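The lines below spell out each chain.
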Amino acid sequence: MNTTETLAIPIPEQLDPPAVTGKVDLDLTTVGDFTVPDPRMKIRDVNVFYGQKQAIYDVNLDIGSNAVVAMIGPSGCGKTTLLRCLNRMNDTIDGCRVEGQVEMDGKNVYGRKMDPVLLRARVGMVFQKPNPFPKSIFDNVAYGPRIHGLVRDRTDLEEVVHTSLERAGLLDEVKDRLDQPGTGLSGGQQQRLCIARAIAVSPEVILMDEPCSALDPIATARIEELIGELRKNFSIAIVTHSMQQAARVSQRTAYFHLGYLVEVGSTKDIFTTPKHQLTEEYITGRFG
Amino acid sequence: MNPTKQIVSGLARRQRAEKRFRLYGLIAVVLGMAFLLLLFGSIVTNGYKAFTQTYIELPIYFDPAVIDPSGERNHQTLFSADYWKLVKTAVYQKFPQVNGRKERRELTRMISEGSAYELRDQVLENPRLIGTTQHVWLAADDDIDMLMKGYIDRNLPEDERRLNDRIIGYVDSMREADAIERRFNTTFFAAGDSREPEQAGILGALMGSFLTLIVTLLLSFPIGVAAAVYLEEFAPRNHFIDLIEININNLAAVPSIIFGLLGLAIFINWFGMPRSTPVVGGLVLGLMTLPTIIIASRVSIQSVPPSIKEAALGVGASRMQAMFHHVLPIATPGMLTGTIIGMARALGETAPLLMIGMVAFIVDPPGGFTEPATALPVQIFLWSDSPERGFTERTSAAILVLLAFLIAMNAAAVYLREKVTKRF
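Which chain is which? The protein sequence lines are A and B, in order. Under the working numbering, the first residue of the first sequence is numbered 1, with each subsequent residue one higher. Under the working numbering, the first residue of the second sequence is numbered 1, with each subsequent residue one higher.
In case anyone wonders, no lab produced these hints; they're calculated from the structure. All figures in this text were calculated on a predicted structure; none of them were measured in a lab. We treat Cβ as the ideally placed atom computed from N, Cα and C, and that holds for glycine. Check each hint, because a few of them may be wrong.
[Stated by the list, open to error] Straight-line Cα separation of at most 20 angstroms, SDA-like style, residue types lysine to any residue; simulated pairs:
hint: 1; chain 1: A; residue 1: K135; chain 2: B; residue 2: E106
hint: 2; chain 1: B; residue 1: K419; chain 2: A; residue 2: S136
hint: 3; chain 1: A; residue 1: K135; chain 2: B; residue 2: K88
hint: 4; chain 1: A; residue 1: K135; chain 2: B; residue 2: V304
hint: 5; chain 1: B; residue 1: K419; chain 2: A; residue 2: G51
hint: 6; chain 1: B; residue 1: K419; chain 2: B; residue 2: L400
hint: 7; chain 1: A; residue 1: K135; chain 2: B; residue 2: G100
hint: 8; chain 1: A; residue 1: K113; chain 2: B; residue 2: T421
hint: 9; chain 1: B; residue 1: K102; chain 2: B; residue 2: N155
hint: 10; chain 1: A; residue 1: K135; chain 2: B; residue 2: K19
hint: 11; chain 1: A; residue 1: K129; chain 2: B; residue 2: T421
hint: 12; chain 1: B; residue 1: K419; chain 2: A; residue 2: D179
hint: 13; chain 1: A; residue 1: K135; chain 2: B; residue 2: R162
hint: 14; chain 1: A; residue 1: K135; chain 2: B; residue 2: R109
hint: 15; chain 1: A; residue 1: K135; chain 2: B; residue 2: N46
hint: 16; chain 1: A; residue 1: K135; chain 2: B; residue 2: K102
hint: 17; chain 1: A; residue 1: K135; chain 2: B; residue 2: P306
hint: 18; chain 1: A; residue 1: K129; chain 2: B; residue 2: R162
hint: 19; chain 1: A; residue 1: K135; chain 2: B; residue 2: P305
hint: 20; chain 1: B; residue 1: K88; chain 2: B; residue 2: N74
hint: 21; chain 1: A; residue 1: K135; chain 2: B; residue 2: W84
hint: 22; chain 1: A; residue 1: K135; chain 2: B; residue 2: V420
hint: 23; chain 1: B; residue 1: K419; chain 2: A; residue 2: R112
hint: 24; chain 1: B; residue 1: K85; chain 2: B; residue 2: R109
hint: 25; chain 1: A; residue 1: K129; chain 2: B; residue 2: P306
[As the list claims (entries may be wrong)] Pair ranges (Cβ atoms, derived):
hint: 26; chain 1: B; residue 1: W270; chain 2: A; residue 2: G111; range: 43 to 53 angstroms
hint: 27; chain 1: B; residue 1: Y230; chain 2: A; residue 2: I93; range: 18 to 28 angstroms
hint: 28; chain 1: B; residue 1: A226; chain 2: A; residue 2: K107; range: 42 to 52 angstroms
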């Protein structure tokens, strides 16, 4: 079965699709295998609350090594919330409470002994809107290595900055103006600068929260290409609204709906033979 | 009727409303500027003459018999000699035709009593003057000064003037001989307060205000910024912190005289700190300024885009590093603006200083934080209360000095702000 065939499935109100079809009756327990053989991070029975409101319900998911897992789903389905659980960025939000286990190397990320500073050095993040520091391009990339004491001297630091910019595919464009402000770059360049900044501290996992949503198609294509390169050295979790993007960059895809992980599996399977009715409706564009 | 027609029919009315509103705005600005000009104009026209002072030239014979009869050049002897007698002798010689007790007393009254101290200081500095005759310019009495500045109407009947026809005659004869003239009033900038207008200066109040503001700044800026950072970034969200926040906001609205009472009760009566001193004044004004700085600092911290902080946290910065490396540099201009506003208010504050005794009559400019002092606004208040015409113009001149101080302070702060702000 392919996508053209799924379109042929008769839907009663085809002209009025945004209604979430039968969400009350549907079973929202996860379809598919959420585990991978050698996971970098493990999410187990995670529930997230914003004050009284629950945003994530009993999610289990593995982040595989050297692979890209894409999180898709309609707005407000909790994919960004879940992503931010992985490096405890949710700590900065008032009234946000996380229950359950997020493990990295067998240690609970939310455990007493886990220092969020160390965690965030190992689990880097790229945000939805490019957010370079209002400093020079060099200082943007150098900031992480500097605060963590990863470099011994200026030569070391310059090497790290150059390598990071090169891996982010930005070096050729900016090598003559490293002392210029990072905020003066174009949107796509800024986002690649943010990626360079994230990989400068050599994280093991990179979280990307809709990294291309503020970029034009050409810049998006460059970032997607970059993600393919980065996969060789890092484990990546990416939240995206673009199903084509998920299909292009990821090996596994997880579909979220109203805080539930509805279906997870290999990207190929999800996009060609979705098992859950909601997944099918979403990827065929009938709602979302 | 189609929508376009409907819109067109209302357009003229909307444009008229906008024009009207712009006119109101312009009128408001012009009115404001007019009153400001009126205010400054009246202060300047009243005050600028106080920057000059009338001086009278006298050939003073530094008579050894009066100053140092024994010839030992003993400091104590030189210090306590009767220098006024030298002035009197010189004046009598200048007007040999004047006889009689009353007329001679009138003559000597033309010279400021402070002249004796002026001569004393000259002799102490250079004892070789003794035995010589020097042409010395001595400050005239404030009534003569007023006559020279044209504040005394010669057409009034003699008994309604402060100066009689004889004295006016002496002044006119000296004027013809170029022995009396208006010069730049160094005394005004070099002396402390005095009961005599021609000897009164602003230096004491200026020093008092300066020392007080240093204490205020040192107390309120670090504490205010630290409190703002803590409340914004590190404070737990609970009822106790809510209570603190409410109280800070309320403190900003407390009348300043209450802070004066607090200073009197706590710093002076309880801690036993010296009264009338810049240190106590600075502490009181610092407490008064603290809420302003805290509120302004919090607002400027809040206005920093959260994405900057998230970016820093995302690469593994601790909360303190994110705050000090990224948030505070961006928030600094706003915090400095709040500080300027707070300090400007502190500079102009009179009421709390009255409570802690900085309203006292203090002649010597303060040399330190614990010496009795007064402050510029208090000095203005004191002089405005004095009946002498000389103090009226000194009041305006002191206001000018206060304004100049304020502008200098703000300019320094703006310069500092531009310097610390790196704009990218």
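Each hint, compared with the structure:
Our distance criterion of 20 angstroms between C-alpha atoms is broken by K135/A and E106/B, whose separation comes to about 75 angstroms. Between K419/B and S136/A the CA atoms are separated by roughly 17 angstroms; this keeps the pair inside 20 angstroms, and the hint holds. This hinted pair does not check out: K135/A and K88/B have alpha carbons roughly 74 angstroms apart, beyond 20 angstroms. Among the hinted pairs, K135/A with V304/B is consistent with the structure: their alpha-carbon atoms are about 15 angstroms apart, no more than 20 angstroms.
Taken as a hint, the K419/B and G51/A pair is broken in the structure, with Cα atoms around 43 angstroms apart against an allowance of 20 angstroms. A C-alpha spacing of about 28 angstroms is found between K419/B and L400/B, which places the hinted pair above 20 angstroms, so the restraint is violated. Between the alpha carbons of K135/A and G100/B the distance comes to roughly 85 angstroms, so the proposed pair goes past 20 angstroms and is violated. Of the pairs offered as hints, the one joining K113/A and T421/B is violated, with about 39 angstroms between alpha carbons and a cut-off of 20 angstroms exceeded.
Under the criterion of a C-alpha separation no larger than 20 angstroms, the hint pairing K102/B with N155/B is inconsistent with the structure, at around 24 angstroms. Straight-line distance between C-alpha atoms of K135/A and K19/B comes to about 43 angstroms, which puts the hinted pair past the 20 angstroms bound. Restraint check for K129/A and T421/B: the C-alpha separation of about 24 angstroms exceeds 20 angstroms, so the hint is violated. Distance restraint check for K419/B and D179/A: the Cα-Cα separation of roughly 19 angstroms lies within the 20 angstroms cut-off, and the hinted pair is therefore satisfied.
With a CA separation close to 70 angstroms, the supplied pair K135/A and R162/B exceeds the 20 angstroms bound. For the suggested pair K135/A and R109/B, the alpha carbons sit about 71 angstroms apart, so the restraint of at most 20 angstroms is broken. Between K135/A and N46/B, the direct Cα distance comes to roughly 52 angstroms. Violation of the 20 angstroms bound is thereby established for this hinted pair. About 81 angstroms separates the Cα atoms of K135/A and K102/B, which puts this hinted pair outside 20 angstroms; it is violated.
Note on K135/A and P306/B: the hinted pairing holds, with a Cα-Cα distance of about 16 angstroms set against a maximum of 20 angstroms. For the given pair, K129/A sits about 79 angstroms from R162/B by alpha-carbon distance, which is inconsistent with the 20 angstroms threshold. Restraint check: the Cα-Cα separation between K135/A and P305/B comes to about 15 angstroms, which is no more than 20 angstroms; the hinted pair holds. With a CA separation close to 24 angstroms, the supplied pair K88/B and N74/B exceeds the 20 angstroms bound.
The suggested pairing of K135/A with W84/B is violated, with an alpha-carbon distance near 70 angstroms, which exceeds 20 angstroms. Distance check on the hinted pair: K135/A and V420/B sit about 14 angstroms apart at the alpha-carbon level, within 20 angstroms; holds. The suggested pairing of K419/B with R112/A is violated, with an alpha-carbon distance near 43 angstroms, which exceeds 20 angstroms. As the CA atoms of K85/B and R109/B are separated by approximately 13 angstroms, the hinted pair is consistent with the 20 angstroms bound.
In summary, the hint linking K129/A to P306/B is supported, as the alpha carbons are separated by about 11 angstroms, within the 20 angstroms threshold. Between W270/B and G111/A the beta carbon distance is about 50 angstroms. The supplied range of 43 to 53 angstroms therefore holds. The given range of 18 to 28 angstroms is respected by Y230/B and I93/A, whose C-beta atoms sit roughly 19 angstroms from each other. At roughly 35 angstroms, the beta-carbon separation of A226/B and K107/A lies outside the given 42 to 52 angstroms, and the hint is violated.
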